[in-house]
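Visitor: In the order they appear, the protein sequences are chains B and A. Counted the way the numbering used here counts, the first sequence spans residues 1 to 424. Counted the way the numbering used here counts, the second sequence spans residues 1 to 267.
Derived from the structure by calculation, the hints contain no laboratory data. You may find that some hints are simply not true.
[Unchecked claim] Distance condition first, Cα-Cα at most 25 Å in a straight line; then the derived PhoX-like pairs of lysine-lysine:
| # | chain 1 | residue 1 | chain 2 | residue 2 |
| --- | --- | --- | --- | --- |
| 1 | A | Lys212 | A | Lys230 |
| 2 | A | Lys215 | B | Lys392 |
| 3 | B | Lys65 | A | Lys230 |
| 4 | B | Lys420 | A | Lys258 |
| 5 | A | Lys258 | B | Lys146 |
| 6 | B | Lys420 | A | Lys261 |
| 7 | B | Lys89 | B | Lys146 |
| 8 | B | Lys146 | A | Lys230 |
| 9 | A | Lys218 | B | Lys378 |
| 10 | B | Lys392 | A | Lys218 |
| 11 | A | Lys258 | B | Lys89 |
| 12 | A | Lys230 | A | Lys218 |
| 13 | A | Lys212 | B | Lys378 |
| 14 | A | Lys258 | B | Lys392 |
| 15 | B | Lys89 | A | Lys261 |
| 16 | B | Lys378 | A | Lys230 |
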Amino acid sequence: MCDIQRRDPRQEWIARNRLHPRHLEVLADLGGQAGGGAAREWMGPHGLIRRNPHGAGFIGPNGVKRIDRSGGQQGQGASGARASTAASKPRVDIEVPAFLVAVVPDMAGGRLTGHDRDLLGLARQLADADPTARGAVLAVVFGEHKEDDFAGAGVDRLLHLAEIDGFAPEACLGALVAAEQAWTPRHWLLPDSKLGGADLGRRLAARLGERPATAVWQLDADGEAPLGWRCTARGAAGTLDFQRPLPRLVLALAECAEPVSETRHAAEPLALSVALPSQLARIEDLGQVAVDPAGVALSEAEFILSAGNGVRDWDAFHHAAEVLGATEGASRVAVDDGFMARDRQVGATGTWVTARVYVAVGISGAIQHLQGIQTCDKVVAINMDPGCDMIKRADLAVIGDSARVLEALVALVEQSREEKRNAA
Amino acid sequence: MQPDTHHEGSLAVTVLVSVGRHPLTGRGRRADQDARGVELARTLRGAEVELLHAGRLDEGSEAALRGYLGMGFDALSLLEQPAGADVLPALAEALEAAGPQLVVAGERAEQGEGSGLLPYLLAERLGWPLVSGLAAVEDVEHGVATLLQALPRGQRRRLRVRLPAIVTVDAAAPAPRQSAYGPARRGRLDVQAAPVMDDVDLAQWPAQPARKRPKRLKIVKAASARDRFKAAAAKAEGGGGQVLSDVTPEEGAEAIFKLLKEEGVLR
Chain B
1 MCDIQRRDPR
11 QEWIARNRLH
21 PRHLEVLADL
31 GGQAGGGAAR
41 EWMGPHGLIR
51 RNPHGAGFIG
61 PNGVKRIDRS
71 GGQQGQGASG
81 ARASTAASKP
91 RVDIEVPAFL
101 VAVVPDMAGG
111 RLTGHDRDLL
121 GLARQLADAD
131 PTARGAVLAV
141 VFGEHKEDDF
151 AGAGVDRLLH
161 LAEIDGFAPE
171 ACLGALVAAE
181 QAWTPRHWLL
191 PDSKLGGADL
201 GRRLAARLGE
211 RPATAVWQLD
221 ADGEAPLGWR
231 CTARGAAGTL
241 DFQRPLPRLV
251 LALAECAEPV
261 SETRHAAEPL
271 ALSVALPSQL
281 ARIEDLGQVA
291 VDPAGVALSE
301 AEFILSAGNG
311 VRDWDAFHHA
321 AEVLGATEGA
331 SRVAVDDGFM
341 ARDRQVGATG
351 TWVTARVYVA
361 VGISGAIQHL
371 QGIQTCDKVV
381 AINMDPGCDM
391 IKRADLAVIG
401 DSARVLEALV
411 ALVEQSREEK
421 RNAA
Chain A
1 MQPDTHHEGS
11 LAVTVLVSVG
21 RHPLTGRGRR
31 ADQDARGVEL
41 ARTLRGAEVE
51 LLHAGRLDEG
61 SEAALRGYLG
71 MGFDALSLLE
81 QPAGADVLPA
91 LAEALEAAGP
101 QLVVAGERAE
111 QGEGSGLLPY
121 LLAERLGWPL
131 VSGLAAVEDV
141 EHGVATLLQA
151 LPRGQRRRLR
161 VRLPAIVTVD
171 AAAPAPRQSA
181 YGPARRGRLD
191 VQAAPVMDDV
201 DLAQWPAQPA
211 RKRPKRLKIV
221 KAASARDRFK
231 AAAAKAEGGG
241 GQVLSDVTPE
251 EGAEAIFKLL
261 KEEGVLR
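Can you build the whole structure from these sequences, using the hints too?
Guide: As structure tokens, this is what we get:
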């Protein structure tokens with residue numbers, strides 16, 4: 001083919017004439033030829049580049065045209081852009097690590113908690129201190145998990161022991177001792193948390209005969225210490241700070257370090273070469289006990305069903321909370337009107353809740369209320385008004401009559417329980 | 001607890017008690033978790049409860065230890081230890097000699113290092129199982145105890161453990177009863193000699209009153225000014241939430257049910 005650019009003067013004329021009926025079609029056509037996709041620039045009749053400033057930008061969610069000059073966003077929403085930034089983080093591969101830093105995250109609910117991420121950040125700090133001899137971070141995970149971002153959290157090697165499930169501290173300890181014998185990590189890091197890390201870490205310390213540093217919240221480089229680090233640890237019920245050289249085994253508090261955010265790591269699966277020793281479990285797990293949800297303090301409840309001004313049938317609401325096994329909460333309006341007790345109020349003037357799942361029934365979402373539920377993971381809203389703030393905050397919103405939705409939900413839950421009972 | 005006074009069906013329980021420290025005044029007191037442990041042991045049916053303390057006996061600690069006696073005890077065994085000693089060998093020997101079925105301790109001390117490691121070291125040394133963070137002991141029979149362990153968020157887990165065992169008690173256990181003044185004055189402190197081992201490491205570590213921890217700043221790592229501005233001006237929004245409008249209540253309920261199932265909050 002020849003390289004001569006063929007011009008179509010008629011098409012160019014149409015492209016210049018905004019009132020021409022085929023104007024947009026031709027613009028798109030010219031843009032497509034240029035390879036840009038958007039018809040914003042084309043060659044003019046005298047060889048000049050012509051720009052169409054109206055072609056810039058995109059129509060935003062509220063029907064208003066938005067122009068984004070950062071080049072980050074392309075109209076379709078932030079999800080694609082976010083995925084591309086995640087992929088564009090520099091990837092760090094440590095092929096032959098000089099040493100290992102082992103981390104045993106809590107994995108509450110099958111995902112890395114904020115505390116776990118802080119701990120992985122601390123592990124990276126220890127591993128990357130010497131750029132000539134970098135260590136690798138080994139994460140030891142027990143049971144099934146739902147986490148898909150070990151790489152982004154800073155894990156180089158992943159030892160996943162799916163066969164140890166439930167509360168089995170002796171089996172976990174056996175696996176950790178096997179890992180210690182196999183790789184002898186330079187450091188063991190565990191979260192000093194009630195979720196299990198504090199217990200397992202102390203068991204490991206007693207078994208290995210190491211004196212651990214507990215409740216560590218700060219780490220500084222120190223050339224005189226045996227391992228090159230010095231730490232600050234809380235003691236005496238949080239009233240004293242001990243300055244001490246960093247030992248091999250560390251139980252660290254939340255926010256001990258910044259989580260990894262700028263790099264991606266390999267998260268390469270590892271396996272133990274030896275089979276885990278089978279041992280007689282002296283502690284038998286009989287499972288979680290159903291606790292009375294009304295007795296759980298609102299600030300630490302895991303699952304809250306909260307009512308607001310939109311609720312009319314209060315008996316049905318209380319029944320729903322009972323069937324779902326949820327702790328009851330309320331917005332300020334419901335409390336002021338006398339439908340709920342004052343200690344059930346959620347929000348800036350009531351209780352700041354930390355629930356994993358928060359179901360807001362008939363709550364429009366005053367800013368004070370939204371502040372109170374800031375740390376909730378999943379928010380479900382049932383509301384009549386599709387424009388309210390709670391719907392914008394919610395991960396799942398159902399527009400409809402709250403009483404009927406709750407009724408249907410209760411029926412579903414009861415039905416599934418019935419099926420389970422029949423199957424058993 | 002004298003071994004010869006044992007009768008059938010009784011349960012020998014030893015509670016390890018320590019001298020606490022009031023968080024505001026700094027005075028000696030019953031350690032909160034240990035007092036909860038004593039309360040837990042006191043409410044066990046058919047239990048013979050023995051109190052054991054390893055430490056110094058001076059004016060401050062005596063008042064605190066008598067606080068435990070005021071919960072309804074005649075005597076408390078005290079293993080004499082100097083300040084800054086490692087109490088592990090003394091306690092381990094005393095427990096080996098007495099041979100209780102159940103040892104109850106608080107989760108961590110309110111003075112000293114307070115690492116919470118002592119029960120674990122004792123369990124490792126004696127070869128007994130250990131259960132931490134107990135809320136209640138439900139039942140003890142045929143050498144097997146059924147325990148209720150406290151989990152975060154007010155949840156409970158039921159465990160069965162073979163005795164002898166060590167259990168630790170945290171703030172979820174029932175609140176201790178008030179200490180009665182008369183029995184506290186009348187109770188005996190049985191001072192016993194015990195092996196002493198100095199804690200060399202702890203003496204080397206400088207300790208200072210706890211500093212307030214720095215609050216973590218919200219750092220926005222964004223390449224462009226627009227992203228930084230957006231992060232600074234952002235409202236608390238979930239973003240990307242699914243909105244179901246024009247659905248029947250059944251369909252809406254179905255979607256909510258699915259989410260609750262995925263999150264595992266339905267039992």
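Visitor: Hints first: check each against the structure and report whether it holds.
Guide: Quick rundown of the hints versus the structure:
| no. | hint | result |
| --- | --- | --- |
| 1 | A/Lys212 with A/Lys230 | violated (31 Å) |
| 2 | A/Lys215 with B/Lys392 | violated (29 Å) |
| 3 | B/Lys65 with A/Lys230 | holds (17 Å) |
| 4 | B/Lys420 with A/Lys258 | holds (16 Å) |
| 5 | A/Lys258 with B/Lys146 | holds (16 Å) |
| 6 | B/Lys420 with A/Lys261 | holds (14 Å) |
| 7 | B/Lys89 with B/Lys146 | holds (22 Å) |
| 8 | B/Lys146 with A/Lys230 | violated (30 Å) |
| 9 | A/Lys218 with B/Lys378 | holds (22 Å) |
| 10 | B/Lys392 with A/Lys218 | holds (23 Å) |
| 11 | A/Lys258 with B/Lys89 | violated (34 Å) |
| 12 | A/Lys230 with A/Lys218 | holds (14 Å) |
| 13 | A/Lys212 with B/Lys378 | violated (32 Å) |
| 14 | A/Lys258 with B/Lys392 | holds (20 Å) |
| 15 | B/Lys89 with A/Lys261 | violated (34 Å) |
| 16 | B/Lys378 with A/Lys230 | holds (23 Å) |
When each numbered hint is compared with the structure, violations occur for hints 1, 2, 8, 11, 13, 15.
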